[in-house]
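**Student:** Protein chains in written order, with the working numbering: chain A, 1 to 461; chain B, 1 to 461.
Keep in mind that the hints were calculated from the coordinates and are not lab data.
Note that the structure is predicted; figures quoted are calculated from it, not measured.
Possibly wrong hints are sitting among the right ones.
[Claimed, not checked] Cross-link-like lysine to any residue pairs, in silico, SDA-like; alpha carbons within 25 Å at most: (1) A/Lys261 <-> A/Lys60; (2) B/Lys10 <-> A/Tyr427; (3) B/Lys261 <-> B/Pro8; (4) A/Lys257 <-> A/Glu407; (5) B/Lys135 <-> A/Glu17; (6) A/Lys135 <-> B/Lys378; (7) A/Lys81 <-> A/Met29; (8) A/Lys96 <-> B/Asp160; (9) B/Lys378 <-> A/Asp160; (10) B/Lys20 <-> B/Lys96; (11) B/Lys81 <-> A/Ile7; (12) A/Lys412 <-> A/Tyr258; (13) B/Lys96 <-> A/Leu134; (14) B/Lys257 <-> A/Lys96; (15) B/Lys130 <-> B/Val224; (16) A/Lys60 <-> A/Gly228; (17) B/Lys261 <-> A/Glu14; (18) A/Lys378 <-> A/Ile7; (19) A/Lys261 <-> B/Ser16; (20) A/Lys30 <-> A/Glu290; (21) A/Lys167 <-> B/Gln172; (22) B/Lys96 <-> A/Met29; (23) A/Lys81 <-> B/Asp292; (24) A/Lys81 <-> B/Lys261; (25) B/Lys404 <-> B/Lys431; (26) B/Lys81 <-> A/Asn259; (27) A/Lys135 <-> A/Val168; (28) A/Lys135 <-> A/Glu75; (29) B/Lys81 <-> A/Leu18; (30) A/Lys10 <-> B/Lys81; (31) A/Lys378 <-> B/Asn111; (32) A/Lys167 <-> A/Gln132; (33) B/Lys10 <-> A/Ile76; (34) B/Lys10 <-> A/Tyr258; (35) B/Lys81 <-> B/Gln172; (36) B/Lys10 <-> B/Thr413; (37) A/Lys378 <-> A/Thr408; (38) A/Lys20 <-> A/Glu49; (39) B/Lys167 <-> A/Tyr427; (40) B/Lys406 <-> B/Asp292.
Number of protein chains: 2
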Amino acid sequence: MSDKKNIPYKIYLEESELPKQWYNVRADMKNKPAPLLNPATGKPVTLEELSGIFCEELAKQELDDTNAYIDIPEEIHTFYKMYRPAPLVRAYYLEKYLDTPAKIYYKFEGNNTSGSHKLNSAIAQAYYAKEQGLKGVTTETGAGQWGTALSMACSFFDLDCQVYMVKVSYEQKPFRREVMRTYGANVTPSPSDTTEVGRKILAEFPGTNGSLGCAISEAVEAAVSQEGYRYVLGSVLSQVLLHQSVIGLEAKAALEKYNEKADIIIGCAGGGSNLGGLISPFMGEKLRGEADYRIIAVEPSSCPSLTRGTYAYDFCDTGAICPLAKMYTLGSSFMPAPNHAGGLRYHGMSSVLSQLYDDRLMEATSVTQTEVFEAAEKFARVEGILPAPESSHAIKVAMDEALKCKETGEEKTILFGLTGTGYFDMYAYEKFHDGKMENYTLSDEEIAASIAKLPKVPGLE
Amino acid sequence: MSDKKNIPYKIYLEESELPKQWYNVRADMKNKPAPLLNPATGKPVTLEELSGIFCEELAKQELDDTNAYIDIPEEIHTFYKMYRPAPLVRAYYLEKYLDTPAKIYYKFEGNNTSGSHKLNSAIAQAYYAKEQGLKGVTTETGAGQWGTALSMACSFFDLDCQVYMVKVSYEQKPFRREVMRTYGANVTPSPSDTTEVGRKILAEFPGTNGSLGCAISEAVEAAVSQEGYRYVLGSVLSQVLLHQSVIGLEAKAALEKYNEKADIIIGCAGGGSNLGGLISPFMGEKLRGEADYRIIAVEPSSCPSLTRGTYAYDFCDTGAICPLAKMYTLGSSFMPAPNHAGGLRYHGMSSVLSQLYDDRLMEATSVTQTEVFEAAEKFARVEGILPAPESSHAIKVAMDEALKCKETGEEKTILFGLTGTGYFDMYAYEKFHDGKMENYTLSDEEIAASIAKLPKVPGLE
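Could you put together the complete structure from these sequences and hints?
**Tutor:** Have a look at this one:
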């Protein structure tokens with residue numbers, strides 16, 4: 001239970017050690033992520049086009065693949081101090097339980113009211129919207145973590161916040177909705193009749209439970225059709241990975257403080273915001289040839305965009321009104337089975353991570369829902385933290401890797417991202433306890449059918 | 001937003017600064033709390049009698065009013081490191097929002113999965129049960145924070161954990177129940193037909209929603225009727241205040257680190273565990289004449305044991321099977337109105353705090369439910385943390401005191417206890433948002449009727 005180096009259970013950096021700049025991993029990538037395309041022309045979107053959807057500063061960040069470091073504005077830095085630096089935890093009890101020679105660390109991002117890492121980007125996006133003099137922002141939320149984070153951020157900067165919440169989550173998670181209301185947000189179940197695209201989807205699929213892709217379409221329409229509003233997104237985008245780099249920068253600094261070096265870095269991957277943020281500075285070293293790391297993305301077997309998708313241009317949303325992104329995708333028409341890790345039920349993957357994966361700079365693996373909850377419950381019992389289903393995907397693979405070390409006797413250092421807490425996911429835990437949780441693994445035919453519907457891109461056909 | 005002394009937003013002590021001893025405030029009290037009495041004889045309970053209900057070591061702590069410091073066993077100290085030291089937060093944003101010259105600090109105990117300070121005593125009680133070679137423990141829970149904390153602690157020491165959960169909470173808070181199941185606890189809605197006292201209460205009050213007093217009676221019966229089991233309680237008892245002194249010891253050490261001294265210390269008070277723990281070391285200085293502090297207990301106007309109760313011997317439980325304690329009480333037959341701060345719905349108050357209050361060493365005030373939720377929502381929006389309804393009683397009064405400073409221009413330092421988070425209380429927030437929350441203030445007649453039923457104590461009549 002003790003360590004030669006006397007490493008504490010929780011490594012807290014000082015507030016003065018909070019990163020002052022985000023790190024933009026794209027700057028160090030030889031093969032840059034493919035540009036976003038205007039679906040009408042097949043040409044890369046311009047700053048002007050993008051600024052109609054996003055705040056201008058965020059549009060700039062989205063297109064910036066050359067500047068490695070971008071200053072964190074003072075207001076955001078000060079807000080970060082309310083809940084950051086986040087602890088890097090040495091999982092002594094998990095190591096003991098697994099009886100492994102591996103050293104396990106996790107970067108815990110759940111100690112803020114949004115319950116996850118999403119707040120890191122939400123506060124940045126709200127800040128730039130305020131700076132631009134906007135009235136408000138629109139967004140979608142699935143599991144509710146992003147919507148909660150954005151509500152908190154908008155409340156802080158006194159911005160109107162309109163959240164389109166996937167209908168099934170809106171109904172199954174009334175308490176998530178209530179947290180957003182506490183922070184003053186307007187929450188609408190999606191699809192709704194408040195947008196044209198929502199009405200169209202409702203007409204085509206009456207009684208649908210909604211999906212993240214639908215909710216994105218509605219939120220984008222709401223943004224572009226209201227004066228003084230822009231759309232913000234909690235994952236997938238390169239700007240989001242940029243903001244989330246604060247996770248990796250802190251984790252790296254905390255490890256270095258104790259002369260530790262990670263061998264394996266593991267994160268769950270839905271749209272890629274957490275994994276992208278966690279690995280950024282480590283990947284930077286790898287890209288520059290300064291160090292090597294095994295990096296593993298973990299996705300649910302019911303929504304395996306990296307492990308079983310295809311690398312192609314696709315829409316980010318179901319309504320097909322967003323720019324096209326080149327990414328590993330199951331097809332924007334893909335409707336994932338009801339896996340309880342709502343944050344991982346997305347058809348595509350960050351363009352940055354997709355390119356890194358395609359370049360064999362990281363690995364990916366998929367796991368089933370029940371094995372994830374088994375790992376989650378074990379983790380809760382030995383480490384005390386009740387993990388979110390999303391985060392538990394990383395826990396499962398971290399435990400597997402630590403057990404491999406037990407077999408080989410290797411004393412590897414494993415770092416994984418514990419993105420958030422599961423307080424609003426107890427319905428899923430209940431199903432698990434009652435033995436009513438099902439696994440969904442897609443057939444090759446299902447995936448092929450969905451991928452066959454990928455959009456034709458003008459000029460790329 | 002900055003401070004001359006450069007005080008960070010969150011003051012984290014090092015793990016090496018975690019207190020190694022609990023502080024027993026009774027040792028410094030001139031007027032000791034009145035002893036627990038055996039209701040059959042009217043005589044002070046003996047260690048032997050008490051050891052039939054509680055673990056022996058805990059029974060000793062319960063009776064110990066002379067030793068000022070008690071070592072924290074190594075296993076407990078190590079467990080504490082998983083979530084302690086807890087941060088002392090400087091409420092810069094709240095100060096700014098209130099535009100007050102006052103300096104506001106809060107000791108935040110919500111950053112662990114039980115969501116509150118309750119874990120501090122739960123782990124101690126589970127440890128001593130394990131040390132004694134017991135099979136398991138029984139307890140009651142109202143809002144569910146104590147039950148969750150005890151489930152975590154028992155899971156850690158591999159003890160059986162039987163929780164009697166007030167029926168209305170069991171039904172309204174299925175997710176709390178599910179967290180306890182995640183940690184392996186058995187949860188029974190109370191009153192139940194698994195105990196004699198439960199069956200009796202059900203026969204007398206069919207369709208009752210249950211109460212904390214009933215659940216205590218059931219848990220005690222379950223403990224004494226099973227081989228190898230003892231009963232544990234999350235508040236009221238002097239042993240619990242002892243364990244909770246870790247809150248105050250850390251808060252005091254953190255303030256001293258920055259040469260700060262509290263003028264006013266505020267905490268919510270149900271059974272008294274949080275307030276008692278927070279104030280212990282400060283009260284110790286006050287009792288020894290080394291310093292002075294204004295100390296304020298905050299209770300709900302619907303359950304005002306200190307402000308409107310009477311100081312007398314009473315049962316701790318509704319079933320009248322526990323020892324008698326001298327305390328400020330509304331009568332053990334009192335059934336509080338459905339205030340959403342379940343942790344404050346208790347008819348009595350810790351004997352230690354009752355004596356200190358009777359000796360005018362601390363003040364008490366009561367607040368209504370709606371003003372508490374108004375303060376809670378404001379706090380959430382500016383400080384980012386979603387507070388539990390219980391904790392929000394302290395927030396309300398801290399804000400009031402800070403506003404008084406604004407009027408007088410005094411630069412007082414206010415410290416309050418933020419005992420936990422409100423993630424499982426969103427039903428209450430929903431009622432508040434929908435304008436459906438009611439206030440309950442008791443009439444003098446109601447209180448008099450309840451107090452008239454206080455037990456007759458042999459030899460004290």
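**Student:** Now tell me, hint by hint, if it's right for this structure.
**Tutor:** A quick look at each hint next to the structure:
no.	hint	result
1	A/Lys261 <-> A/Lys60	violated, 34 Å
2	B/Lys10 <-> A/Tyr427	violated, 33 Å
3	B/Lys261 <-> B/Pro8	holds, 16 Å
4	A/Lys257 <-> A/Glu407	violated, 29 Å
5	B/Lys135 <-> A/Glu17	violated, 47 Å
6	A/Lys135 <-> B/Lys378	holds, 21 Å
7	A/Lys81 <-> A/Met29	violated, 30 Å
8	A/Lys96 <-> B/Asp160	holds, 22 Å
9	B/Lys378 <-> A/Asp160	holds, 17 Å
10	B/Lys20 <-> B/Lys96	violated, 36 Å
11	B/Lys81 <-> A/Ile7	holds, 12 Å
12	A/Lys412 <-> A/Tyr258	holds, 15 Å
13	B/Lys96 <-> A/Leu134	holds, 24 Å
14	B/Lys257 <-> A/Lys96	violated, 34 Å
15	B/Lys130 <-> B/Val224	holds, 17 Å
16	A/Lys60 <-> A/Gly228	holds, 18 Å
17	B/Lys261 <-> A/Glu14	holds, 22 Å
18	A/Lys378 <-> A/Ile7	holds, 23 Å
19	A/Lys261 <-> B/Ser16	holds, 24 Å
20	A/Lys30 <-> A/Glu290	holds, 15 Å
21	A/Lys167 <-> B/Gln172	holds, 23 Å
22	B/Lys96 <-> A/Met29	violated, 43 Å
23	A/Lys81 <-> B/Asp292	violated, 32 Å
24	A/Lys81 <-> B/Lys261	holds, 23 Å
25	B/Lys404 <-> B/Lys431	violated, 30 Å
26	B/Lys81 <-> A/Asn259	holds, 21 Å
27	A/Lys135 <-> A/Val168	violated, 29 Å
28	A/Lys135 <-> A/Glu75	holds, 18 Å
29	B/Lys81 <-> A/Leu18	holds, 23 Å
30	A/Lys10 <-> B/Lys81	holds, 8 Å
31	A/Lys378 <-> B/Asn111	holds, 20 Å
32	A/Lys167 <-> A/Gln132	violated, 31 Å
33	B/Lys10 <-> A/Ile76	holds, 16 Å
34	B/Lys10 <-> A/Tyr258	holds, 22 Å
35	B/Lys81 <-> B/Gln172	violated, 33 Å
36	B/Lys10 <-> B/Thr413	holds, 16 Å
37	A/Lys378 <-> A/Thr408	holds, 23 Å
38	A/Lys20 <-> A/Glu49	violated, 30 Å
39	B/Lys167 <-> A/Tyr427	holds, 19 Å
40	B/Lys406 <-> B/Asp292	holds, 22 Å
Hints 1, 2, 4, 5, 7, 10, 14, 22, 23, 25, 27, 32, 35 and 38 from the list above are not met by this structure, while the remaining hints are.
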